[in-house]
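Engineer: Letter by letter, the chains look like this.
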Amino acid sequence: MRRFIDLHLRHPASGTDELESMLRFAAELGYSGVAVASDSGLPKRLKRLDGELSLDLISRINLRPRSANELTATLRRVRRRFEVVSVDCLSKAVARQAAKDHRVDLINFPASTSARRRVWFDRHEASLASGANCAYEFNASALLRQGPVKSARLLSIIRREIENAKRNDVPIVVSSGADSRLLMREPRGLAALLDLVDVEEESGLDMVSSIPWRIVEVNRGKLAPGFVAPGVRVVDWDAD
Amino acid sequence: MHEVDDDVQRGVLRLYGVRGLSEVAPMLIEFDEEEQTGILRCSHLHLRRMRASLAYITSIGDLAAAVHIVSVSGTIKALRSS
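Residue numbers (the numbering used here), protein chains in the order written: chain A, 6 to 245; chain B, -1 to 80.
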């Protein structure tokens, strides 16, 4: 049985109560895990919901650096504090650096079509991301917030981005990107939206289940005590 | 009920056009205003399109709204008992 995960909920402007209601709703919708993007981690009282709702809460940070240098400096500071690190690529230079940096888990591009024409997930970007094992993220909220004409333009760009990702074996993750209950969708609904960009049903379901879980599990392994390098970890400190 | 039905039809039309709407053939069988739940019939061959269209809905009438699928079944009887 699939375990679904929404790797991107945003902290709502209305506060922690709304976030708590979103987390409860995520559990109702059938998610087993949810990542909440926040600069400071989850508030303590929400961490308790983990057990109550049987919902795996994952820490995530969205970086919006203005330059490649700022990105590397910020990554050095935050990488070991969050389970998932995503970069919003606002310029080509940042996008290139994010795609080749092993510390970046997900890359995101602007939702506005005019900005997306300047910086998008092109072939070179996909090739770099493939080497660094960095995943491409599609946020459904970007689509739901636009009118039909802008949605159509955005879909046409996303279709080409997904083709680039597939051609280079870059993992693709689908998230809601929701900052309110109204933008949350059940996992199969999120996966069904990929029908609009010609993704097969089973592949779409993987993008809301096994692929994001793999990212979280690998990162949890890296953050666990005793981790030395991929495949190498200390099992006993006292042994000579 | 008519408003919900109209917006569901419009949702499919917006994403898949007239041909898509004729293939998906959505029909709201019943809608409980109090519970805000209903039963929607569509072609089982185009269930994924139906899911996508419902996920794409962001308003019903003038109100911001979201539609979620609680359960899918081949018969209405099984849906009512679940």
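Do not take every clue at face value.
With the C-beta cut set under 7 Å, the calculated list includes, among others, these residues of chain A facing chain B [stated by the list, open to error]:
| no. | residue |
| --- | --- |
| 1 | L187 |
| 2 | R190 |
| 3 | E191 |
| 4 | R193 |
| 5 | D200 |
| 6 | E206 |
| 7 | P235 |
Keep in mind that the hints were calculated from the coordinates and are not lab data.
Beta carbons are placed, not taken as given, at the ideal position from N, Cα and C, and that holds for glycine.
Engineer: Against the earlier hints, flag every one the structure doesn't satisfy and list their numbers going up.
Structural biologist: 7
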